[in-house]
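Build the full structure now, drawing on both the sequences and the hints.
Number of protein chains: 4
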Amino acid sequence: VNFTSDNTYGVAAPIMDAIVAVNYGAVGSYGGDPWTARVVCQFCELFEREVKVFLLPSGTAANALAISSLTPPHGAVFCHNESHILLEECGACEFYSSGARLVPVSGFAGRMMPLELNAAIAKYSGIRNDLIPAALSITQSTECGTVYQPDAVAELCSIAHKRGMAVHMDGARFANSVVSLGLPPAAVTWRAGIDILSFGATKNGALAAEAVIVFDTDRASDLIYRCKRAGLLLSKMRFVAAQWEAYLADGLWLRLAGHANTMARQLADGLRGVADVRLPWPTDANEVFCLMAGSMVKRLRDAGASFHEWTTVGLYASPFEPTPDEVFVRLVTSFQTTQDQIDIFLKLAADD
Amino acid sequence: VNFTSDNTYGVAAPIMDAIVAVNYGAVGSYGGDPWTARVVCQFCELFEREVKVFLLPSGTAANALAISSLTPPHGAVFCHNESHILLEECGACEFYSSGARLVPVSGFAGRMMPLELNAAIAKYSGIRNDLIPAALSITQSTECGTVYQPDAVAELCSIAHKRGMAVHMDGARFANSVVSLGLPPAAVTWRAGIDILSFGATKNGALAAEAVIVFDTDRASDLIYRCKRAGLLLSKMRFVAAQWEAYLADGLWLRLAGHANTMARQLADGLRGVADVRLPWPTDANEVFCLMAGSMVKRLRDAGASFHEWTTVGLYASPFEPTPDEVFVRLVTSFQTTQDQIDIFLKLAADD
Amino acid sequence: VNFTSDNTYGVAAPIMDAIVAVNYGAVGSYGGDPWTARVVCQFCELFEREVKVFLLPSGTAANALAISSLTPPHGAVFCHNESHILLEECGACEFYSSGARLVPVSGFAGRMMPLELNAAIAKYSGIRNDLIPAALSITQSTECGTVYQPDAVAELCSIAHKRGMAVHMDGARFANSVVSLGLPPAAVTWRAGIDILSFGATKNGALAAEAVIVFDTDRASDLIYRCKRAGLLLSKMRFVAAQWEAYLADGLWLRLAGHANTMARQLADGLRGVADVRLPWPTDANEVFCLMAGSMVKRLRDAGASFHEWTTVGLYASPFEPTPDEVFVRLVTSFQTTQDQIDIFLKLAADD
Amino acid sequence: VNFTSDNTYGVAAPIMDAIVAVNYGAVGSYGGDPWTARVVCQFCELFEREVKVFLLPSGTAANALAISSLTPPHGAVFCHNESHILLEECGACEFYSSGARLVPVSGFAGRMMPLELNAAIAKYSGIRNDLIPAALSITQSTECGTVYQPDAVAELCSIAHKRGMAVHMDGARFANSVVSLGLPPAAVTWRAGIDILSFGATKNGALAAEAVIVFDTDRASDLIYRCKRAGLLLSKMRFVAAQWEAYLADGLWLRLAGHANTMARQLADGLRGVADVRLPWPTDANEVFCLMAGSMVKRLRDAGASFHEWTTVGLYASPFEPTPDEVFVRLVTSFQTTQDQIDIFLKLAADD
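Chains as they are written, first to last, in my numbering: chain A, 1 to 352; chain B, 1 to 352; chain C, 1 to 352; chain D, 1 to 352.
It cannot be assumed that every hint is accurate.
Identical copies look the same in the list; a pair holds intra-copy or inter-copy alike.
[Unchecked claim] DSS-like mimics (lysine-lysine), calculated; alpha carbons at most 30 Å apart, straight line:
id, residue 1, residue 2
1, K52, K162
2, K347, K298
3, K162, K123
4, K123, K52
5, K298, K123
Hints listed in this document are in silico derivations from the structure and should not be mistaken for laboratory results.
Below, the structure is given as structure tokens:
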């Protein structure tokens, strides 16, 4: 039973089949192939508008490149204090933006609060404090396994746009949020005010396939140079395009994410019934966070279950602040998680 | 007939099989999987010594990351004036090194000349000229389709080391040079003085698999951070490792490169017999460069052949400086080039 | 009455005299002059040990250059959440370090708390969170006009050194702290664990004279290149050296700072006696911070007094959190502040 | 007799007087003082149009900041292969531009040739060669002590503008060129197509006073942030403004440069009469370059004369390529060079 991350799993069969299927002939490299051209059309249809698309092999790169196109080096980029770009990407945003600053904003359950965002921006508005408020980055689904409703996204975007800032969405688990909301992708992105999206497929069954989607096509005119300069414009791009083509075809992406979400919900529901387990947040997507007795964690691990302890920064000054005996853990389900794995884990957890 | 580049072709069957074969189960991400561990051992055996290995999806990234570990921002990096890092990577070395300078050094047939290298370094030695000579980068096989003999590599490395500089080898087509030389990989790398190697597999039949090989294992202690920070540490690394495992197993890499080299040699030999075609350099690897009548270029392209015109910078002041009627072209063969393609091309070329 | 900043004032007479006095003859540029050589000796004597010295025209540059020599681009630099490097330097540290991150640490009255520092560092120690804890920066005297005792500095340095981090002191108002403590400069710097000091003279009567003092002379071997590369190695350096020579001679620096401190203390003492004025912190140096009724602020400004409103971040959740009627202001005295100015200001404040 | 550089000399008396004269009272810092406002007006009058002005303490910083406002990180900046920004500033342009590339262009006597410029740009125009031609930088007076005529400037600017590039002029010795040409400053700058000028006063009698002059005032909107971020926005700016005010008042700048030019011309004329001395270029400004017998160099130095040997890169393949017995030297005169010094030097040189 491995709940450490959705990226510990492999590739969904239809995606692997697609990779194999495009392996013939000589085609233009660096994206000059027919599959890449076709995928761009798929994205335009999916988002019900014209978009610019940059296919990439890595989510960290997608986030950092997207954000670097929104901020000058002397810009401040506001993000949740538990965001992946802040805590897990080794300063990639700072690197790609030549030194822009990430400003952490707190919020409950992974969702940034308008009040906190306003307060954070206010500090970057004085005359002597010269960094410019340049961009906002929010994550959908969030790092806490919750989801923003479209109106919540719109409210944050509105705050940002009023200050002349652009808005980025980190969609490493975008599919999980779309399934959870049951809304068209346009509704939680550009219609709510998002300017640029990092759309991830890797965590949801691709091999290495991410995309930066630019909604305002006047923007990001230098992004192709930034990709090339970073060595992120792959030569045999057809194999990234093929993954996307299969991912988006016939709703595969939603089926894969839907399964992962269902597994997470069952896991969460089961854990709520176990004594000594507390769940601080709802389980909207494919990640379950809970406080467990240390002895339970040990028992689960001894039995072969894998999962990460997690930062408790989001629990401070809440009823869920851990007691000395509790450990805060993250459990991630994937497109390959099985009912059996959920059952085994719940049985182990309950088996006091 | 497509001779534009070896990266227009797909993936060799054994490598694609290997990708499919590792697609099961949950394993550690970011390189914490058994295949990655095994590939490191393969590299150590191949190079007959302990090495550090960083698996990457892109050759530009491999070059730039490797070089960034050898130079401070205020360093000068000497490279051939036709080198890929200078002409084709959109300033990746400058980006990764926070602004180090590439200093072009001229030389014949893609090979840097010791005399020219010494002269170039001498300009960066004065008191008022403050950039430090930090690194040398040479390409094997070269951008002109030639190969350095080990003693030529050793002479350049010796010049660099005497000045306290480190030496990088761009081995985007390393396999082609090893086959051409018929020597063990160690002989043209660390035994000749190379400190760090960008070893490419993508152009020779992999999907997206490159490796930075660090010979002096005390070096490059910060390279893992640089990889992560650039978004180049792929989460599902097993699929890069699997490509390498298959590539190195049973000499597949040498067979693939050997075929490409043979095709190139046949193409070169054939072209030498065609009137109005001049070849300035020997064809040591899988690239043929020649001067053709413009009318011949048109005829070939009209018949469906694809290839690039190339920079004539290396021909200046030589007997091969193009006449007004001549076009300088590059023809690249690959592991998938067929005898038929060579024959068709030669027939078209000769058919005046 | 101008209390906006100590840098609104001009140059102390002995320092201006020294500038004029060295204006003869031709001498080596970029620091190759006899005055610069002499000043280095003065610093060694002052700090009772060998030091490396870099003379600079700007305090922001001194801070950023010093810090850039302590951290890799993938480093985290811990600083007080009201520190000048964080709030007032437009991302200079990020610029000079090629994108290192400033991590704010809270603390009372401008002084970082060991507990908070430990907590902040702890977040940069995990396996997935890849930025390295690289440096600590503390300010003496602090941005709140208070002073660290040597044992407080030593405790923070000890925490940093245990983690392999280096420690920088922002001494833009170093003189004010030395006078306040009545201790030799060595006692609050290297003897307490400081590795590198930005020593400012500009705010205390120089024209434009700052110095980076490196205590561990094995460090910062690349700082001269960083200075040159940033255009901060002035050609007519003798005029910076002359300022320092006069500043340090016969204790001028301590007399100037002593006067400013005395004026600040009188101002603080006077304000404590005024109704509707609250001072949250002691006045150890030359800055007075207080909460005033908005009407009092208006009256003072109408009468011609100048001063800044200040960030209230340091007052949150304290007895000094401003009421809706209160404004938080900063009053800075300088070497030129007169008794008259203090009296006039106090009279205006009291005159309800 | 010191001919090493014009920056070995001190400050012209009227400029030092001006520094002393503004040393009173409290004024706005960081350029918020009346003198800075006034100097901006002086520049507008001098250039007969509205300009943006940034006062700086260093010429290297002025060049690098100006250029960084004209190029993206993935830009190529064309400059003469003997230019100061290429050879003497430790990569400042690369640092400030986050890694743009300086591309050397050759030319005779320090002047870039239109043919060579076109050829260099042509290499940065291909599809695979992704750096963008972004800016041109030329030096006036040149690094060889010659001067561009307005039509020569206009021709280079026209080439650049046609390619969408902007043009920077390094005017470290701008005064010397204006005197030499006898034309209004507008004629050799914006009227000829210059977009941004680094205007130096330090080498011509100021203490530390440079200015970036932006002619197209729509440009460089982020330059103030770049200045602040680099620590180059001095707090006591009045003392830089005062230098400029005095420098420009009553033609002082032209008188100082005129004297230096006259001294250089006398020196050149005298040297032309000395056996074994060859001057490759005319002496338009305040620098004399000549080939001297090694024995003559030794004799001059033994007698106490100071001067630099210089790079011979500009002499290659010309009638002035040095013989084994010759040394190439640079002799710089300044506003303080005396007739006596010229006479002594010439006497020593001739005294075989």
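To test your reading of the hints: which numbers does this structure violate?
none
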